[in-house]
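Student: The listed protein sequences derive, respectively, from chains A and B. All residue numbers for the first sequence refer to this note's numbering, where the first residue is 169 and numbers rise by one. All residue numbers for the second sequence refer to this note's numbering, where the first residue is 180 and numbers rise by one.
No lab work stands behind these hints: they were computed from the structure. Do not rely on the hints blindly, as some may be mistaken.
[Unchecked claim] Looking from chain B toward chain A, a few residues come up when the C-beta cut is under 10 Å (computed):
#  : residue
1  : 182
2  : 184
3  : 186
4  : 190
5  : 192
6  : 195
7  : 196
8  : 204
9  : 209
10 : 222
11 : 921
12 : 924
[Unchecked claim] In silico EDC-like cross-links for lysine to aspartate or glutamate, where the CA-CA straight-line distance does not exceed 20 Å:
#  : chain 1 : residue 1 : chain 2 : residue 2
13 : A       : 237       : B       : 183
14 : B       : 188       : A       : 184
15 : B       : 191       : A       : 184
16 : B       : 958       : B       : 880
17 : B       : 191       : A       : 557
18 : A       : 534       : B       : 280
19 : B       : 263       : B       : 349
[As the list claims (entries may be wrong)] Partner residues aside, some chain B positions facing chain A, computed with beta carbon under 7 Å:
#  : residue
20 : 197
21 : 205
22 : 208
23 : 225
24 : 227
25 : 228
26 : 428
27 : 467
Computed from a prediction, not measured in an experiment: that's the story for all the values here. All C-beta atoms, glycine included, are put in the ideal place defined by N, C-alpha and C.
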Amino acid sequence: MLKNKNLKKNNKIKIEIILWFFFFFLIYVIGLMKSLTINNFDNDLFFRFYSIIITTYILSRFLFAYFHKTPLHDDNYQPSIAFVVPAKNEEDNVFETLTKFTKVDYPKEKIEVIAINDGSTDNTYKEMLRAKNEIQKYGIKAEVVNWQINKGKRHGMAEGAKKAKNEIIIFIDSDSFIERDCVKHLVKYFSDPIVGAVSGHTDVYNRDTNLLTQMQAARYYIAFKIYKAAESVFGSVTCCPGCCSAYRKQYLLEFLDKWLSQTFLGTKCTFGDDRSLTNFIIKKYKAVYSPEAKAYTVVPDKFKKYVKQQQRWKKSWIRETIIASLFMWRKNPLASISFYLYIFLAFSSPIVFFRAIVWYPYVNHKLPFIYLAGLFLMLLIHGIFYRIEVGKRPWVLAICSFWFTALILIWQLPWAVVTIKDTRWGTR
Amino acid sequence: MFYDLSIKKVSKIITIITTIVAMVFITIIVKKESADFSFIALKNYSVYLKYKFDFVQKNDRKLLASVASLFGKEKSINNTLTNKGVANSIPVLLYHGIINEPDGANVLLGNFKNQMFALKKAGWQTIGIEDFYAFMKGEKNLPGKSFLLTFDDGAKNSYYPVDPILKALDYNAITFIITKYSVADGSGSGYYLSENELKKMIKSGRWDIQSHSRDGHIPYVVDNAGTKGNFFSNKLWIQDVQKNETEGEFRRRIYNDFVNSKNDLENAFEKKVISFAYPFGDFGQNSINFPEAENVILGTIKSVYPISFYQVWGGNPRMNYPQLNDEHLFIKRINVEPEWRAEDLLVAVETSREKDLPYLDEFKKNNGWIKTWGQVEFKGNSMAINAHASTTGSAVFLDGAYLWQNYVFKADVNLTKGQTFSLVVRYKDGKNYAMCSFSDKSIKIEQFLNGERKTLSELKGDFVFIGKNREAGIGVYGNTVDCYLDGSIAMKGYNLDQKLDHGGIGFKTWDSQADNSELAIKNVSVEETTKQEKDEFVRLAKIESLQENATKSKNEAISSAPSANKPNIETIISQPKQDIKPKTNEVVVIPFNLTDSTGSSTPYFVNNFSNMDNLKKIWGNYSIENGFLNLNVSTTSSSFLVFGGTSEWSDYLFRTKSDWGNNVGFSLVARYKDSKNYSYCSFSGYGKYASLYTVINGKAEKIGKTGELAVPYSQPYLNVDLSIQAKGDEVRCFVGDRWVLKGNSGNIPKTGGIGIKSWNTGYNDNKVAVKEINIEEIK
């Protein structure tokens with residue numbers, strides 16, 4: 169048995185080594201290709217610039233993520249925590265979610281749970297009460313807030329923050345689940361007073377449902393492990409997600425009201441609550457990412473739902489990015505440069521894509537070989553990394569469908585700009 | 180800041196990054212070319228697939244076929260079905276670079292691709308230089324639509340955009356390399372192909388490498404003033420000694436370059452180099468200071484290269500015909516102009532292919548007429564050539580007629596302005612041809628030999644051409660030239676230079692003032708002249724008298740254009756042989772005269788019937804073999820043959836010599852007016868028996884008969900000598916020199932021609948072979 173295990177382990181290591189080698193070989197190929205083709209652009213500066221920037225940006229994310237610090241958990245530092253769970257019509261999940269808190273590896277007396285029923289029309293309130301009973305059996309304080317009329321997630325989160333008596337507020341979505349040691353890894357960063365928020369690492373719970381969820385699993389993994397980690401090196405994580413994030417209550421209360429009454433272009437903001445909250449934090453303090461604080465969330469398994477979700481996220485991204493860009497320049501130069509470059513890339517990508525896939529073949533009757541090759545290589549790099557990190561999974565399919573979906577939905581950002589004032593697609 | 184810069188991590192990253200960067204650098208520096216090349220080859224592979232797909236889709240229009248074509252040999256790319264026959268001539272196409280933005284000199288990629296696609300679709304296939312050489316030496320046949328595809332200068336843009344197209348169409352090409360840039364010193368400047376790239380090109384099997392000189396592709400100073408000229412065609416100015424090089428130095432210099440560039444290529448690529456393309460197409464014709472350059476170049480190059488290429492221009496045929504006897508092959512190339520679309524190129528090569536005779540042109544489109552001077556225009560099923568502001572005339576020739584030898588060329592023309600128009604034949608190039616020139620005061624036969632003009636014959640007269648629709652023509656056989664006007668031969672010339680022995684047709688106009696001549700042309704027809712007609716002409720030439728001192732004579736010929744303006748020609752106009760295949764059954768024959776204008780006798784003598792075309796069969800069968808006229812007799816029929824063009828004769832002696840078969844009878848007919856009115860002497864038994872008959876209004880009457888006559892003892896059936904004489908009302912029959920029978924009849928036609936009859940007296944088919952006839956007038 170042991171021998172088998174060792175053998176398997178050896179094989180795994182061998183495979184990993186080969187994959188890492190391949191990973192760096194790909195970077196070599198990309199480097200070679202860029203150097204060879206940089207003069208071949210029989211067109212203007214803009215596309216040459218784009219080509220260099222995007223490669224550099226992506227590779228820099230890997231580099232920064234590599235240097236991200238994960239401090240050890242300190243048993244001496246254990247602040248009190250408060251779980252805040254706003255929910256509307258979640259009768260299926262909410263009991264599970266809430267009772268999971270009893271399994272958390274943290275001193276029970278330092279935990280409190282606040283559930284907010286935000287105008288549910290089902291049995292959510294009943295379930296919450298049932299959960300409260302269960303939780304209290306473990307010696308954990310619990311409270312349920314009941315709103316007859318829906319006020320919105322933001323209000324629910326604010327209410328929980330106000331009502332909480334403990335130091336660290338941990339927001340959990342009603343359809344998310346956390347690992348036992350998630351809290352430990354979340355709170356350890358707060359020992360540094362500059363830290364105002366910590367984002368957990370979120371994986372996709374319903375990964376195996378279909379190709380769409382597999383694709384999202386890959387996307388989530390890379391978005392957190394690489395991109396958020398890169399932001400976290402400078403303490404400027406731009407979005408601590410609502411499914412699992414921790415905030416220092418003291419800092420939160422400073423701008424809670426401002427956050428509640430936030431308006432944009434004359435209308436009240438009803439989505440992008442987590443991103444918006446993070447923005448308030450990083451303006452003054454720092455937000456970091458904890459790769460060991462694992463949580464799971466449920467993602468849309470239908471394409472239509474997925475598209476809607478992505479559209480919603482794009483809009484909140486636009487709004488919050490505008491706000492953040494007003495102060496990001498004050499931050500660490502590497503962080504701010506990355507931030508502004510990302511904006512540039514986000515808006516140029518659709519243009520470059522359109523030119524490469526539509527305009528160029530039409531005018532020159534040629535395939536945009538360089539563009540497609542570059543795109544393919546970049547995606548392969550992400551794919552190899554994903555494969556190395558998570559082991560055997562249908563990573564090829566996941567990555568390919570990610571590519572495919574990204575291309576199909578490339579219009580979403582421009583469209584989000586156009587429809588920014590339309591707040592119809594609010595959160596749930 | 181939340182980073183972990185532990186030594187372990189940092190050193191790991193630094194190692195990895197430096198390794199990768201170093202690898203990239205090394206790859207680029209050391210193998211940039213290969214990397215470049217491989218990268219582009221990879222890219223080109225997808226391009227090649229796309230072209231293949233494109234081509235098949237254009238022609239097949241079936242998506243499935245197009246997709247299938249990506250994976251294998253595609254049928255429609257194999258064009259043996261459309262490339263039929265055997266080539267008479269080969270075009271060579273010249274391109275330089277293939278570019279994306281117009282620069283006025285090079286061809287755009289879109290055009291090039293369309294041109295190659297169009298050629299392939301029409302059945303054209305490329306060949307290699309060895310095959311080309313073998314063809315030019317007459318040692319190999321090539322498919323009818325073969326061509327040579329060449330690129331000059333060896334620039335990168337003559338290869339990279341081109342190769343995927345060649346690969347997709349299964350074409351190959353030759354690239355002419357300037358060895359100075361590509362091989363000798365700077366191997367691979369950014370613009371020209373490098374030695375490595377060329378090696379890879381050769382390896383692909385699609386490209387062959389030939390010479391475009393080493394140092395000859397830039398201008399050099401040719402005089403004291405600093406004027407620049409081409410390397411190969413000028414005596415260079417040597418600054419140190421302040422004078423131009425001598426001819427010897429010139430010769431040495433160009434010889435060295437020929438040899439050096441050849442060696443550069445052969446050493447680098449280990450392939451034999453057998454051809455040279457003149458930089459700028461200048462083989463001495465554009466020399467600034469050395470008029471003999473052309474001769475020296477051609478004399479020098481032949482010891483180094485068997486083949487050299489130049490760009491053809493203006494008034495020269497565009498195709499290359501085999502040159503079996505030339506030491507050195509001097510080959511024409513068609514430079515593909517940037518403004519040519521695919522249709523233009525296709526028309527150029529298709530209309531330059533050798534045309535068959537007979538040739539008819541109704542000018543629905545331009546079938547290969549190339550303007551050499553002035554302007555040419557096609558509209559309304561006619562061609563118009565005219566001088567323009569800077570020329571005193573205009574000229575056009577038909578490409579693809581280079582191999583034509585003996586023919587009659589006619590056209591309906593109208594000289595709307597100008598003094599002279601000409602019909603050109605035996606056109607080899609702008610300096611070598613013959614023509615009939617028509618002006619209101621004369622018709623001239625002229626030749627141009629190496630640019631030197633000579634009048635062969637001239638006929639003075641009063642003609643009217645301006646504004647009138649006329650049919651002009653010119654016939655050429657061997658070294659005789661005939662000028663035709665409105666269907667009749669107007670004059671003849673005999674001493675065309677032997678070197679002008681083949682070539683095509685053309686038109687010219689001329690006026691002493693510029694911009695003042697114009698010719699409208701419709702309905703060109705060219706028909707081959709056979710030997711029969713030639714002999715006829717020769718015979719006519721013996722009999723007829725030419726210009727000057729002509730007597731009027733009745734023209735029995737059917738004129739195609741009865742013109743009220745019949746010119747007052749003091750020559751005998753005779754009806755030329757209109758058709759080899761007569762349009763009607765009536766054979767229109769030239770009347771023969773037994774006397775000439777002075778009254779002296781001109782006997783009608785034939786001892787070789789091979790080209791007789793005035794024979795009219797009344798019934799039966801005849802054949803002509805070995806020059807003998809065989810009258811066949813069979814058990815079921817006899818034969819009766821008359822000679823056209825003799826019906827004007829009145830008093831004459833018609834003598835024959837023939838070989839007889841067994842059991843035949845033979846008659847000589849005289850005063851033949853028609854099949855119901857004539858007289859004849861009838862002989863049998865080799866002349867043992869003779870009878871005299873008249874046929875009047877269809878009724879035959881014997882008016883005389885002999886007893887048994889004496890015939891030679893040995894071989895009486897050979898060279899049987901028999902005659903008939905008609906004089907006034909009397910007809911006599913002769914055997915040998917003696918008359919054996921005579922008779923009178925007031926009813927026989929006063930004038931009439933001759934004929935022969937034969938019939939069978941036995942049981943087997945047989946014949947009389949008439950060997951010789953002679954008719955003399957009797958006074």
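Student: Run every hint past the structure and note whether it holds.
Tutor: Here's how the hints hold up against the structure:
1. 182: The hint holds - residue 182 of chain B has a Cβ within 10 Å of chain A, the shortest such distance being about 5 Å.
2. 184: 6 Å, holds
3. 186: 12 Å, violated
4. 190: Status violated, d = 12 Å.
5. 192: 6 Å, holds
6. 195: 6 Å, holds
7. 196: With a closest approach of 8 Å, the residue 196 of chain B hint holds.
8. 204: 8 Å, holds
9. 209: This interface hint is violated because 12 Å lies over the 10 Å limit.
10. 222: Where the cut-off is 10 Å and the nearest Cβ of chain A is about 5 Å from residue 222 of chain B, the hint holds.
11. 921: 96 Å, violated
12. 924: At 92 Å from the nearest chain A Cβ, residue 924 of chain B fails the 10 Å test, so the hint is violated.
13. A:237 with B:183: OK: residue 237 of chain A and residue 183 of chain B at ~5 Å, within 20 Å.
14. B:188 with A:184: 18 Å, holds
15. B:191 with A:184: 17 Å, holds
16. B:958 with B:880: Violated, at roughly 27 Å.
17. B:191 with A:557: 18 Å, holds
18. A:534 with B:280: Between residue 534 of chain A and residue 280 of chain B the Cα gap is close to 15 Å, so the pair holds against 20 Å.
19. B:263 with B:349: 18 Å, holds
20. 197: Since the shortest Cβ distance to chain A is 12 Å, the answer is violated.
21. 205: 10 Å, violated
22. 208: 10 Å, violated
23. 225: 6 Å, holds
24. 227: 11 Å, violated
25. 228: 9 Å, violated
26. 428: It is violated, given that the least Cβ distance between residue 428 of chain B and chain A is near 44 Å, above 7 Å.
27. 467: Violated - the Cβ of residue 467 of chain B stays beyond 7 Å from chain A, reaching only about 39 Å at its closest.
Comparing the model with each earlier hint shows violations of hints 3, 4, 9, 11, 12, 16, 20, 21, 22, 24, 25, 26 and 27; every other hint is respected.
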